[in-house]
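K.L.:
Each chain, letter by letter, is given below.
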Amino acid sequence: MPHNTTDTGTPERIFIKGNEAIAHGALAAGCRCYFGYPITPQNDIPEMMSYALPDAGGEFVQAESEVASANMLLGAAAAGIRALTSSSSPGISLMQEAISYMAGSELPGVIVNMNRGGPGLGDIGPSQGDYFQSVKGGGHGDYKLLVLAPATCQECYDMMVQAFDLAFKYRNPVMVLGDAIVGQMKEPVTPWKPAAVPATEAADWRLEGAKGRKPRLLKSLFLEDGALAGQNRHLQAKYAAMQAEAKAESFLTEDAELIVVAYGSIGRIAKSAIRKLRAQGHKVGLVRPQTLFPFPGPLLRGLAEQGKRFLTIEHNCGQMVEDVRLSIRGIVDSAFYGHMPGEMPGSDDFLAPILDAMGGK
Amino acid sequence: MPHNTTDTGTPERIFIKGNEAIAHGALAAGCRCYFGYPITPQNDIPEMMSYALPDAGGEFVQAESEVASANMLLGAAAAGIRALTSSSSPGISLMQEAISYMAGSELPGVIVNMNRGGPGLGDIGPSQGDYFQSVKGGGHGDYKLLVLAPATCQECYDMMVQAFDLAFKYRNPVMVLGDAIVGQMKEPVTPWKPAAVPATEAADWRLEGAKGRKPRLLKSLFLEDGALAGQNRHLQAKYAAMQAEAKAESFLTEDAELIVVAYGSIGRIAKSAIRKLRAQGHKVGLVRPQTLFPFPGPLLRGLAEQGKRFLTIEHNCGQMVEDVRLSIRGIVDSAFYGHMPGEMPGSDDFLAPILDAMGGK
Amino acid sequence: MALYQDVIMAGFGGQGVMLIGNLLAYAGMNAGLNVTYIPVYGPEMRGGTANCTVVVSDEDIGSPIIQRPKSLIVMNQPSLDKFQPRLEDGGVQVLNSSLVDASQAEARVRTVAVPANDIADKLGNTKMANMVALGAYVRATGVVDLEVVKKSLTSVISAHYSHLIPKNAEALQAGFDHAG
Amino acid sequence: MALYQDVIMAGFGGQGVMLIGNLLAYAGMNAGLNVTYIPVYGPEMRGGTANCTVVVSDEDIGSPIIQRPKSLIVMNQPSLDKFQPRLEDGGVQVLNSSLVDASQAEARVRTVAVPANDIADKLGNTKMANMVALGAYVRATGVVDLEVVKKSLTSVISAHYSHLIPKNAEALQAGFDHAG
Amino acid sequence: MSRVVFLDERCKGCLLCTTVCPKGIIVQSSRFNRQGYKVAEVPADAMKDCTGCASCALICPDVAIRVIKSRKAKKAGKE
Amino acid sequence: MSRVVFLDERCKGCLLCTTVCPKGIIVQSSRFNRQGYKVAEVPADAMKDCTGCASCALICPDVAIRVIKSRKAKKAGKE
Amino acid sequence: MQADERLALADDEQMAFEVPDVLVDRATHYCPGCHHGIAHRLVAEVLEEMGVVDDTICVASIGCSVFIYNYLAVDSVEAPHGRAPAVATGVKRGRTDKIVFTYQGDGDLASIGLAEVMHAANRGERITIVFVNNTVYGMTGGQMAPTTLIGQKTTTCPGGRCRDREGMPIRMAEIIAGLGGVAYSARASLDSVKNIRAAKKAVRKAFDVQQQGLGFGFVELLSGCPTNWRMDAVKANTRIREEMIPYFPLGVYKDVTEGEGVC
Amino acid sequence: MQADERLALADDEQMAFEVPDVLVDRATHYCPGCHHGIAHRLVAEVLEEMGVVDDTICVASIGCSVFIYNYLAVDSVEAPHGRAPAVATGVKRGRTDKIVFTYQGDGDLASIGLAEVMHAANRGERITIVFVNNTVYGMTGGQMAPTTLIGQKTTTCPGGRCRDREGMPIRMAEIIAGLGGVAYSARASLDSVKNIRAAKKAVRKAFDVQQQGLGFGFVELLSGCPTNWRMDAVKANTRIREEMIPYFPLGVYKDVTEGEGVC
Ligand SMILES: Cc1ncc(C[n+]2csc(CCOP(=O)(O)OP(=O)(O)O)c2C)c(N)n1
Ligand SMILES: Cc1ncc(C[n+]2csc(CCOP(=O)(O)OP(=O)(O)O)c2C)c(N)n1
Ligand code: SF4
Ligand code: SF4
Ligand code: SF4
Ligand code: SF4
Ligand code: SF4
Ligand code: SF4
Ligand SMILES: [Mg+2]
Ligand SMILES: [Mg+2]
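Residue numbers (my numbering), protein chains in the order written: chain E, 1 to 361; chain D, 1001 to 1361; chain A, 2001 to 2180; chain U, 3001 to 3180; chain B, 4001 to 4079; chain W, 5001 to 5079; chain S, 6001 to 6263; chain R, 7001 to 7263.
Please keep in mind that the hints were generated in silico from the structure rather than gathered at the bench. Treat the hints loosely; a few may be bogus.
[Said to hold, decoys possible] With a cut-off of at most 27 Å between alpha-carbon atoms, the simulated DSSO-like pairs for lysine-lysine come out as follows:
| # | chain 1 | residue 1 | chain 2 | residue 2 |
| --- | --- | --- | --- | --- |
| 1 | B | K4038 | B | K4023 |
| 2 | U | K3122 | U | K3070 |
| 3 | R | K7201 | W | K5038 |
| 4 | W | K5023 | R | K7235 |
| 5 | D | K1276 | A | K2151 |
| 6 | S | K6201 | D | K1211 |
[Unchecked claim] Far from chain E by the CB rule (all over 10 Å, computed), these chain U residues:
| # | residue |
| --- | --- |
| 7 | A3025 |
| 8 | M3029 |
| 9 | T3036 |
| 10 | P3039 |
| 11 | P3064 |
| 12 | D3081 |
| 13 | F3083 |
| 14 | A3113 |
| 15 | D3118 |
| 16 | S3155 |
| 17 | I3157 |
[Claimed, not checked] Residues from chain W that keep clear of chain R, each with C-beta distances beyond 10 Å, as calculated:
| # | residue |
| --- | --- |
| 18 | I5025 |
| 19 | V5027 |
| 20 | D5062 |
Virtual Cβ for every residue (Gly too), placed ideally from N, Cα, C.
Use the sequences and the hints to build the structure in full.
P.N.:
Next up, the structure:
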């Protein structure tokens, strides 16, 4: 998946949690600093980083809060360092100001959100209630994060490598949006070593002291006439260019009459439901967006143009469905089934909604 | 506009800034506590509250941060008190965790955002870059704020009264979303005194000591099996009921071929553009949503069904346009013109986009 | 559109354009009209120049921000350079000819040159040049009655300085007369 | 679906169901299959019972969470009450008949009753009842080869306790044999 | 003259009470409660030594101990 | 032996320099600079009294003063 | 308590240990030997002795003790993690006639909520804060806290806290005492009968200064977390005595009723 | 500076006051008499004297001094309001070989950013903080700050700060000195030539301890904000002398190089 793959040759599988795969993937990607504050259900990430990073010559800091974590991330990013923070929903809310600053001053960094049930303190179970926050911008102003949504432990690993690559490619914060399912489950993961981060990464903008060159400035304040508008135009152009990174898994879509759209853990649970229904002869397929921003809208639009119907399934009260509807608008609409945060979803829960949508308009 | 109007009989007009009208309106609405942290362009609000509230028997606290402001608001709300905080974009980002908690534990309170340019520190000029944050939820989890968008100083006043009424009617935080234009401009405002807040407001849930009754608990943590799902179902039903509060100004829509949809300051600037174009014979009208959530989608849908075309104008890179498109999907699409944050918008800027949309598909 | 007027007033920081902007707005309000007033807002504030926009109308007012104004009050040279190009064809500008080179006035607009500083000086205080210019503006546009403007002085001059009101009224009158 | 099996394993906190869940998952992995393991997660964790779900398949695995499992390992009575109703018709359950009243087994499912505690006791340590149950489960379902399970013990028992591996292998075998 | 009552279903067997009894009469029983905790107790024959000092009750984090004194013995123990 | 140079375009007329000159020779001029500030100065005839102590330069928030000494006078002033 | 014949009093008998009514009669979710239970009881006793139960509002914080509202029968609100002092400020400013207190752990108060507690203290908010310092994040599984002792191993300082990398443990009672609006600040411990008795007095004082309108009341309670210290409750109490108290000295760090005058 | 013949040196002349090269030659946006200019110059002089200009990264904070990057020719990043110590932590952990400092106002550091500065200090981050205390929020138009003096009128305490309502002004140099990871904490003032000279030494020391890897360096500079104090610059300096220094005593509150040993 990442563009700088170098296989080590020994595809030995290790059996680890998604959270651990996140940490392993980050280390493989050359992550040198971790900043974070404990919160369930992602504590395996800081815990693993706290013993692994110092050995890897990096720095682990337990920050005083998520506000501080995100700002430490901003600082390390300004120094051109591959750095990571992770948290879960309430903690991510506290990072919104810093995230907006990072986007505004074009600083790369990776933020993992192991989404839990909300709103408020909610619970510690899985949820997809933070889609809007991640994709539309929980912070202020017009900005976008690149948002990757792993559904397997292997993807947790792979997407961390991809996340760091994308962050530095676009000089933009990247969010990896999982949930308590993918974080807590264990699967075999094949670790792989991407090519080492080139020493030149960020060399033309990172802060390191202005020896022999003009001082550099990384900022988001643009007071001069038209300067902020210019920065916003630049950012919008960048976000448009990111569209090239959109990615999704397609499963049995070719002959499908109904396309289920679901991401992350819900995507794989939906896959089980689809397998059951296929066994009964129902022509249903799955599109599982792996990038939530950029959203794989063109793919969906193409399927809509083929006359397929749509059902969006989420573990929330209806968020990504808006992007699905916007993607295929003018052609067809998407039905929606929202599994309530606070209840554990299983593939059986999705059977009736899918059959409904197959029968429906 | 509010349901408990009692006119004082003397409609004398005062000439004040929108920010001042916010403060006057809050005081008229019975606001007893203000918590806030300075930030341009809304400092007139805390400054006025700091001298007016103590005289009115209330409490003014300059909080140590916006994180603290929002949590003080949560506390006062728990005591059943009408309380206010105000800020501008970066400060509002810092409130997202507390806002999600307030929504989750169903606590009423009013939050004013005088939207400035973003992302990051941005500038101190007007912008509508925080639409998504306000309407889709900048915080975590599935929740909604009631969002009111004043376009005039009078509306600043009136909507504050409405905001407090709605907050307590629905036990939900309400956001009043202005910008640096409506906050800094002066207009004549006719102050009016709504009926006094009844002593019974919040009497059946507020915290005041458990004398002679069972203790009360205001919380957003729901760990027992299915409890969080139940709370989310309850909240979703409440949000659906709020749809009744949707409101918009319609201007020359009857015979219009093109409907411009624009809110707040941009709505009134669009009105000027429409007047100019009407004078040239162009059949264009305006819908100015006064509530952003609930969104006046049914109104727009009705107009779409009449065969009208649409253009959404915003002072951002495209946010409300998604709600417009979702509202009228399956019938027609909306064109979009986004005026860049960082540039001051004037009605002339909107002429070409409107003419384009008139000519367009 | 029975009555609609908009104006940008611009000058140095100390010349009191915000004050006459407010005054005109109050006068409009006191005359029963709709008005909006908006100061320039933003980093320009810290610089040496200031401007504000006032709109007066008997309809509800759309944009308070005017890109091509119908009229101007220009108190200093930089303001002429900046705003004259934006003035509508046929629009009115009152120039403070004490400080502004009136020969630069364009023919496509109507210009009322008033040596506001000199007139104010003669009345005893150069600081009232703003009032002189506003008086001239009221005459040139007829947007509101001068008496209403005079009566509105109490709204913009604090009680502490109320003894200055008659002098300011005089300055308004002098400007009005000069533009006659 | 050449090979697909899922199982919920449940018991008291101290009975080691998480351990055998992990062990089965490792065995599946070592047999070259796809596996998922997920512990119950949430407030239940603090209570006295524990359970986990393991899926083994030669296809990629969809849901790691199973509402109607194909098989069960039931180590105590409350777990039978909770999970038996969810078991698929014709599914397999291994009951620890030392602690579970096997007469409550429903006819619609296939039940393998194993006095796991007693067998483990005989082998010298009641704590290995979990291994006995897993051995029986492997025999009953044939999901993986018992030898692979035994070899996988090194993955779940830390080096510090490696001397216990032979005993655990014995317990696996005893369960396997008993279910034969 | 005094006695203590252990509320078995509240006791978590932490044994803190055993460390503070001036008479050393509190011990871990062999009983498990419904939560699976091995509860503390004062064996019946040792109860006579109880002074009613309430130290055990004061340190018990689970409010699992009640101390009862006969009126005569009142002064000594009560906090 | 010493002299000071005021950089008019940097001076903001705050007059802090006037308060620290041991010789009291710095005064506000009647000149406005382009920013509209009335700049400080040492009148030409008073310059001979300047000791080159650099106090004025040290307190000037706008780095608007340069202090020049002849080499003989060096020891006294430099920080 | 369920009816229990053993609790029936004979004529000449009486209870030598009163359980406050405001303490709800239900088993707690705390681990064996966890001191939150003792701290809850002390607060309950003080509220009852002061006669303010019906006028009290509790602000629960996020930590193992978030469920305090299940155990104390008073009106309660749940604050976001660390923000209880700000929430309490809002409650109190809204209802100046009520007794308002927060109950916070060391992660909550000394880490994420440090600014909030210090500013509430500095403003002299008329609130009381009960601060339970167990040198670890209990609820989330034993990560390092700002109060973790040097050398103490936690899941995020697996090699033991190191002064050079993570700094020294923060002493909150002392820091709070240094702030202007504070009327009372003290540190007590829950490890022994004697210390529990002293702790009760400190809790009482921290509420008294609020009731008297003197300012901010703060009490730090050194507490055990056997689970995350990975030791039994008895050893945990020994650790408090031998390791915590030497670094976190017990005592009253500020008391405006004794000396410093009205705040 | 523009070429100016008056600056041409005669043969026997030399500059008695050096302007550091790292100080950019442009007029500042500060108000007349504002002390940010002096503070900038002291930092510039120290960096140049230490020879670390090319290895320094500045973390600008939000306040009037956000534009410090326009005046100091060093690599810079803008931190969100109050978060400069966290940003600096990130920079320094990323590049432990660089000199990293923040420059923060009193609203930024002592109000919204209190937790961040205290935790960075407590962790002993090897960074330097230059703290400009002018008892008011300059940039936003003169609202109350945590350091506003009792009786001082601001736009949000129009009747003057009142101890009972808003608490006492916070003394940061003392609080910081009390934290474990701190190597140096001092307070100086920019109101007089003598105090400016002392301030320079304190700034130097605050950077020295970083360079030597001893711990966190902190220097508080009492400064004037004539605009928001609504007085001229000369009166503002008098106010510093007569009102601020008595409440905020000048001095070194901690210096591990003198006594306390390596931190
Ligand atoms: C914003 C946010 N960050 C993190 C958490 C996760 N969290 C819950 S409790 C807790 C710490 C609890 O430790 P402490 O305050 O010491 O209380 P204890 O459990 O030790 O009594 C944390 C980090 C959260 N709920 N919200
Ligand atoms: C999150 C956030 N809140 C508020 C502000 C507005 N703001 C900008 S600067 C400032 C305070 C500046 O005061 P201080 O730190 O004392 O610096 P000074 O201007 O006095 O030098 C504030 C509140 C902001 N930019 N961001
Ligand atoms: S009351 Fe005192 S003597 Fe009796 S059991 Fe308890 S601690 Fe022992
Ligand atoms: S202290 Fe309480 S909970 Fe602990 S063993 Fe004794 S009675 Fe049981
Ligand atoms: S150098 Fe010294 S003597 Fe000369 S002008 Fe400056 S302060 Fe006065
Ligand atoms: S101190 Fe500097 S800026 Fe102020 S008057 Fe003197 S030379 Fe000018
Ligand atoms: S984890 Fe620690 S603090 Fe939490 S309940 Fe258990 S012993 Fe108490
Ligand atoms: S407002 Fe105050 S701090 Fe800001 S530049 Fe002016 S004098 Fe300096
Ligand atoms: Mg703790
Ligand atoms: Mg300041």
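K.L.:
Could you work out which of the previously given hints the structure breaks and list their numbers from low to high?
P.N.:
Result: hints 2, 3, 5, 7, 8, 9, 10, 11, 16, 20 break, sorted rising.
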